[in-house]
Amino acid sequence: GEQVEQLPSILRVQEGSSASINCTYENSASNYFPWYKQEPGENPKLIIDIRSNMERKQTQGLIVLLDKKAKRFSLHITDTQPGDSAMYFCAASAGDMGYKLTFGTGTSLLVDP
Amino acid sequence: GGIITQTPKFLIGQEGQKLTLKCQQNFNHDTMYWYRQDSGKGLRLIYYSITENDLQKGDLSEGYDASREKKSSFSLTVTSAQKNEMAVFLCASSIGGQDTQYFGPGTRLLVL
Chain A
23 GEQVEQLPSI LRVQEGSSAS INCTYENSAS NYFPWYKQEP GENPKLIIDI
73 RSNMERKQTQ GLIVLLDKKA KRFSLHITDT QPGDSAMYFC AASAGDMGYK
123 LTFGTGTSLL VDP
Chain B
663 GGIITQTPKF LIGQEGQKLT LKCQQNFNHD TMYWYRQDSG KGLRLIYYSI
713 TENDLQKGDL SEGYDASREK KSSFSLTVTS AQKNEMAVFL CASSIGGQDT
763 QYFGPGTRLL VL
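So the sequence lines, in the order shown, correspond to chains A and B.
Following the numbering used here, the numbering of the first sequence begins with 23 at its first residue and continues without gaps.
Following the numbering used here, the numbering of the second sequence begins with 663 at its first residue and continues without gaps.
Hints are supplied without guarantee of correctness; some may be wrong.
Below, a list of computed lysine-lysine pairs in the DSSO-like style, where the Cα atoms sit at most 27 angstroms apart [stated by the list, open to error]:
#1 A:93 / B:719
#2 B:680 / B:703
#3 A:122 / A:90
#4 A:122 / A:67
#5 A:67 / B:684
#6 B:732 / A:67
Simulated from the structure, these hints should not be mistaken for lab results.
Take the sequences, apply the hints, and build the full model.
What follows is the structure, encoded as structure tokens:
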């Protein structure tokens, strides 16, 4: 099956700076890579995703990069705000078993005002 | 929009007990999922159901049973609760594979 490694597990930044989270995967057939944000006491919510036909995707202060050769994808949050403080999970799935999402272990992001 | 409800919100069980968790969605989504969330381990897939009456094992299915009674509901049974077990069970639904998964609020399990 798929394995997804996510680093760092804890990330602390100053408000206004950028934050980066990196994930690697093992299955070269993986072609869908979503990112979920989970605020304390809340359920995870999709914030951005990228498919293997793209290398970069950007929406509302979030940038996702995908390097298929290195089997690596990353989330970059620009101009962080205290409201960005949360757990972030990356995930991957392969087209042949597209229903099965394998999640990373999560990054706890804390943005200091 | 739609909503996913999970019952109960909190569940306290005894070692060896059979425990059932329920999930309902009104998105009219075909696919439903059960995940277990442990601190420091992310979300792990227990069972999923592509459509009504379908059942597929995830990576963590041992010790669990599931049932997709109808399109809108998906239940999970812990067949024999383990002492000191503590986890959050999250239900989710999506239109299909590789589509946005919408999560419910979770059931928090504690086994004494």
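Hints and how they fare:
About 26 angstroms separates the Cα atoms of residue 93 (chain A) and residue 719 (chain B), which keeps this hinted pair within 27 angstroms; it holds. Distance check on the hinted pair: residue 680 (chain B) and residue 703 (chain B) sit about 24 angstroms apart at the alpha-carbon level, within 27 angstroms; holds. Of the supplied pair hints, the one linking residue 122 (chain A) and residue 90 (chain A) holds, its CA atoms being roughly 19 angstroms apart against a limit of 27 angstroms. Pair hint residue 122 (chain A) plus residue 67 (chain A) holds up; C-alpha atoms about 17 angstroms apart against a cutoff of 27 angstroms.
About 20 angstroms separates the Cα atoms of residue 67 (chain A) and residue 684 (chain B), which keeps this hinted pair within 27 angstroms; it holds. The straight-line distance between the Cα atoms of residue 732 (chain B) and residue 67 (chain A) is roughly 25 angstroms, inside the 27 angstroms bound, and the hint therefore holds.
The structure shown violates none of the earlier numbered hints.
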